[in-house]
Amino acid sequence: MLKQMEGSQAVAEAIALCRPEVICAYPISPQTHIVEGLGEMVKSGALPNCEFINVESEFAAMSVAIGSSAAGARSYTATASQGLLFMVEAVYNASGLGLPIVMTVANRAIGAPINIWNDHSDSLSQRDSGWMQLFAETNQEAVDLHIQAFKLAEELSMPIMVCMDGFILTHAFERVDIPSQEQVDAYLPPFEPRQVLDPAEPISIGAMVGPEAFMEVRYLAHAKQLQALELIPKLADEFKQQFGRDSGGLIRTYRIEDAETVIIAMGSVLGTIKDVVDDMREQGHKIGVLGIISFRPFPLEQVRAALINCKRFLVLEKSLAVGLGGIVATNVRMAVSGTGLKGFTAVAGLGGRAIPKASLQKLFVQAEKEELEPVSFVDLDWDAVNKQLERERQTRRSGPIAENMLHDKGMSTAAKFG
Amino acid sequence: MPSKPFAITLKPGTSLNNLTGSWRTARPVYLDRLPPCNNACPAGENIQGWLFHAESGDYEQAWRVLVENNPLPAVMGRVCYHPCEGACNRGQLDSAVGINSVERFLGDEAIKRGWKFAAPTAASGKKVLVVGAGPSGLSAAYHLACMGHKVEIYEAGPLAGGMMRFGIPKYRLPREILDAEVQRILDLGVALRFNTKVENIQQSMKEGGFDAAFLAVGAHIGKRTFIPAGDATKIVDAVSVLRSMEGEDKPMLGRRVVVYGGGNTAIDVARTAKRLGATEAIIVYRRTRDKMPAHDFEVEEALQEGVMIKWLSTIKQAGEGEITVEKMALDDKGFPQPTGEYETLAADSVVLALGQDVDLSLLDGVPGLEMKNGTVQVAPNMMTGFPGIFAGGDMVPSERTVTVAVGHGKKAARNIDAWLRGTVYESAPKHELAEAKNLNTWYYSDAHKTVRPMLDIIRRQSTFEEVQGGLDETNALFEARRCLSCGNCFECDNCYGVCPDNAVIKLGPGKRFEFKYDYCKGCGLCVAECPCGAIKMVAEDI
Amino acid sequence: MSFQPVKFYQTGTYTVGNRLLAPDERSVQAGEMRSNSISSGHRACQGCGEALGARYAIDAAMAESKGQLIAANATGCLEVFSTPYPESSWQVPWIHSLFGNAPAVATGIAAAMKVKGRHDVRVVAQGGDGGTTDIGFGCLSGMFERNDDVLYICYDNEAYMNTGVQRSSATPPAARTATTMSVGPEPGNVFGQGKNVPEIAMAHGIPYVATATVADLRDLEYKVRKAMNIRGARYIQLFVPCPLGWGTASHDTIRMARLAKETGMFPVFEAEYGEVTGVLKIRNKVAVEEYLKPQKRFAHLFGKNAHPETVARMQAIADRNIRKYGLLEEEAN
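Chains as they are written, first to last, in the working numbering: chain Z, 1 to 418; chain D, 1 to 542; chain P, 1 to 333.
The shape of chain Z in the complex, shown without the other chains (with noise of 0.2 Å):
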């Protein structure tokens, strides 16, 4: 049924379209409108059998969730940025014990400086936590594919991430169809647990495990994100059979066919892309685009094959490898190593800055013309951050950066428009 409807709520309806048995709640922005929707759902009846818990903390959450999932629920949760590394340690805990928990990262920018807008720093910090992360590009895809993720995680008996962007997706009003109970139904069938707390026949979950076979142990985490990789498409087509739709996958192309320059990004920022390209295209421009939607397990093989007729690519990531550059383009580069092609990695949109069609043209021609740096930063105030690294090489007690930078953009906007 399509509806306008906010993305929240959409993916509220549809994780309540799940069946979920136990839901633990903790608020965060932004994705503390799909808790609140599946609360309200959970209290009026409109979601039975389903406990909906208020916890303490996200770390609370996700241990709930452990508990719950261990004895045979499903299991649900939703976070975001704090949120999601104040539950780190039982986030790889839920991996380690083969949880198929699902849980929903409205994407958010990590403190500090505290900033609760969009970019992707919160789920990537978690790539080598076992978890399994889906970034879907629209509304659509991100009730799509929260259906399709019980169904993978459950499978599999790991833990998913669906990853979408936060206010950007979480809090925009978009016609989305949300399908009906019967077919998410006849598409996602009864929790049945590869292990479960059941005192007819009790095991033991969480051993100590030493050298002895602890790799064993980790490797056989790398090899269910293997299978995943054979999964996730077939559950895609699975779920067109059903839905009707196209949604999901590994990767997703974009007049990729002929292109030379080949762009790289996941989530929201796709739809952005795909207009300059379309822009580009209507120029001329040799110039297509490759949607990452599993970043974890990380698509090497079809990465490699979408790329390896271009001569070159950008990938385009919200997220900073401190130190380093690009965390896709990391993974990226792992996938096309010895092909030789060149690479670009641009970061943008850092903490909510908006990523305008006019900057991503300008860096699409650049990154055409192999004009750029290895690694970029798109709409970086560069007057600012180099004020401020010239302060702290004369003065040791520079005075708060943040102050600093305010007071250096207010001057400089000041002039610009003044």
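Possibly wrong hints are sitting among the right ones.
Unchecked claim - PhoX-like mimics (lysine-lysine), calculated; alpha carbons at most 25 Å apart, straight line: (1) D:437 x P:285; (2) Z:151 x P:116; (3) Z:369 x Z:286.
Said to hold, decoys possible - Covered stretches of chain P, as calculated for chain D (at least 3 residues, CB under 8 Å): (4) 29-35; (5) 248-258.
Keep in mind that the hints were calculated from the coordinates and are not lab data.
Just so it is clear, the structure is predicted and the values come from calculations on it, not from any experiment.
Ideal Cβ positions, reconstructed from N, Cα and C, are used throughout, including at glycine.
Based on the hints, put chains D and P in the right spot on chain Z.
What follows is chains D and P alone, placed relative to chain Z:
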């Protein structure tokens, strides 16, 4: 579990594969220690053994275990000076278990319910003569009969019981109790001939065709001392007084009676005199109360009844209606020495309670015997120097109590039985003693001894009713349950419970426990927390 | 003394078993068929109070739930010695997640059981004092305030033993640990720190809070059974001496627990909805020295450089507990 996560998820209870017993440097072992009560009992009773059954209310079984060693529990429960209670470890906790009172309860219960001894085992064909129907003789006869020997008792007097009848006043031992317990022994087939004084033991054995004899004639001759006295003063001996209490003619002692001596007999006779109507019953004793051989509780009871005691005094002279006593003083070594101070006391009669001698005339002419201090010497197996003649009770050197006598009877019976079979009786090796330090007394509830009801003081001074009452069932049960079971497992489950390694197997009621040494790490908690000291640690050979 | 009550047993109720008791009055531990929730072969030290306490508690919970029990476990000695790959000692369905989240994991299990309609299945969470009073405290408090249907059992051995005996917020004053060494002018753990988690639990107004020791099985079993018959958040702090961490003989584990209670150092009580409803009275009051002296962690208080003033401060703590909880019997009238 192929589908469950490797290594992280485990099957339950699989640690049983890990045999932690290899960590151990010392192992716990169960043992039985000798309870101090059993150790102290002159009659060799398995006190703890019978208390065990009494604790669960199975009084008949308790009685049966009791009479394995002593056929006279109702008597014993009244007249025994219960050295068991003196040794009882509970005495260090609150007060000793009232073993004696439970014993009496069981004895009385047996009489009330008419419990009989089990019929003797197969007849041995041997015949044993027992001389004297006192405690020692009756005990020997009982045990010998149980072993299948034919037993005859020759008793010089007209009634059975010996000193139990002629030495212990009724108010301590009602005669129907004595009679009942004697009869139960006779019911085993023991023949008892009264008024049959053995003049010559060898001749009596020959005439009766006896294969062995046990002599237990007792000590019935009152010791005398020289007291210068006028004709008017009546001087009698205590044994005669007490014996005549059993006849029709009660002794005439007058209103003011002086008893000379400090033993239990002196107390008995003074209390008897009081009951016979004496206004004054005064015991004259040459030393102090703490040196007095009489049991303190008896002294106490006598004092309560109005008996007076003149400490540190000797009788120098007895005149008409009065006696002269000399004050004594204890020297450095604690011996009384005359002081030259005199005092007179009114006295219608003087009763000498200075001990008793044995009439050994029946042994005249028996070769190989050794006499010493008026008693016959016996080997550790109770046999005299003449093969086949055994002796016990007051006529052999020992403490002269009913309980010791009963013990002699049992011991002699066992040795006679062995001798008759041409073997030597070997007693089971003694376990190490269960001492207070072996116990963990935390586990025992605080519970003071149940005081037996005492007869009202007025009635005690004027009648021969039994002074001390018995326990009823509830408080006998209570009392039995105060037993700590020193040194012997009573299946409290502590070892089974406190083992952090589940290394103790509970074998079920009556079967106790076993250690699973595969898992026992040797921590010693079971030993430390065993209430009764029935486990000890033994070093492993490493 | 006129009459004793007839129902008196040779060893009262202090021993594990008693042949004179009716079967339904016997302790769980006395039963030949007790569940032995933790099997033999676990790797706890000799004389481990926690291994013993855990079996006591979980067996009782198993008995009361008729075997329908799931346990969540915090990281710590209990977890490490019971489940090193490839062997588990547990006979109950059991999960270990993290050091600080056992209460929350248990909440999740309880929620799952509720939503699945398995009202017969009960949930316990357990951890050491570090996992409970320190790192797991947030989750514990959350579980309490939501009144989740979980019985949480804290095995209190007064320090982080698994990591090598470091101070926790349950470590008593003056105790030597690896992070409160017995050096300097005031050796050992400082006075005036630490937290009383049973009382904090009571402040949450949860239905049931109790303390107990491994020295009194009957009391412990009573409390576990009682707790198992209540729905909502319940907390039992079980005192479990640690021979390794305290420097006591392995056979003294129970004696130490007994002395902790008999001195008043560890008050044994129970509370319902924030109100103390019962205390286990001291039977034979003893001075704190008797409790402290056998423990090497307090050795610096005695001997050559003794600290009698510190012992007096410990006695004052015990005396305060005695006053506060009314641990002594009223004077006999």
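Hints violated by the structure (listed by number, smallest first): none
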